[in-house]
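With the numbering used here as the guide, the letters of the sequence shown map in order to residues 885 to 1237.
Since the hints were made in silico from the structure, they are not lab data. Be aware that a few hints might be false.
Unchecked claim - Listed next, the in silico BS3-like pairs over lysine-lysine satisfying Cα-Cα at most 30 Å (straight line): (1) Lys1062 x Lys1072; (2) Lys1143 x Lys1072; (3) Lys1072 x Lys1016.
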Amino acid sequence: MQNSPTGKSKFKTFALRLWHTAFTVLVPCSSAWLCLALWMQEPISWLFSRIAIGAWTAFALCVLGIYASHIVNRSLDAVIYIVAFLLTLGWYFSLEAKQDRDWNPEVAQMLHYEKNGNHVTLHNVRNFDWHKDGSYTEHWETRQFDLNQITGVSIITSYWMGPKIAHTLVSFDFANAKPLTFSIEIRKEKGEDFSAIGGFFRKYELSLIAADEKDIIYTRSNTRGEQVYFFPVQMAPAARKALFEEYLSKIDDLNAEPKWYNTLTSNCTTLVFDMAQAVNQHQLPVDYRLLASGYLPNYLYDLNAISHQWNITQWYQQAHVNPKVQKMHSLSSSQYSTLLREGLPLDTQNTAP
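Using the sequences provided together with the hints, build the complete structure.
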């Protein structure tokens, strides 16, 4: 049955109104995104980026004003704006991550390794000596590991801006070596500060750090005053080994091609989840707590990856690192690692996830 001319006319009018509404929403939203990208990236210079922001804002307001007043053909306005915005997207997506910037010393070295069967020699393991004032003495090491000697895996969450957001680290225990902690971080240049907003706009490259616990956890709990929690995770021996190998694969990926950090999609928690999923035989449920990373321990508790000998509130009390180490400023690496695990159930070697 064919539509009547009246029906076609009504449909066309509805479609046009829908498009007009969508366009008037598209312009301010896309312009806000572009202005933030220009602000964070500062192409050419600080001054140029501010001029570009002002020019684009004036252009967008002009388009909206003309569009609303019917001065010229609306379709032409839309085409001009969309073409201009697509050109700016071309600039943005042409930005390439690099390995050769003037990096901060704590992220200056990249991990690399040799693997012979289950034996791994890992180069550029960070073991800085951090001081109370935030300064440090640099020290990079080469360490050897037997993947058959992994006896435990722990998740560490470090909070600096409330309960919803935390930095996530993963520690591996070994029967015949000191623990090793992996941390996926931004690779800051000298003089650069972290910005969560900047993390949405290709501001930082991605970095994978392997470090001594006395280095990478101590600096958060004792030097920066972040609230740190240490949760042993229940994993089968084969899964622990596979997770370590996933980190080796991530090293290969970053050495082959630098990648951008993204606050939402490619951060310290989502990448750990991706690696955990890669070694798990079952599909892990996607959950808002993977984005609200401060609640990652709750997510793991619900999956029975954290022992249920305590409820989650008791776990946070027992796992809290700061009360254990806050007055300890002259600890050896082994002493610090021992304090992290004090009072926690660690013998999960034969417990399958």
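* Violated hints - listed by number, lowest first -> none
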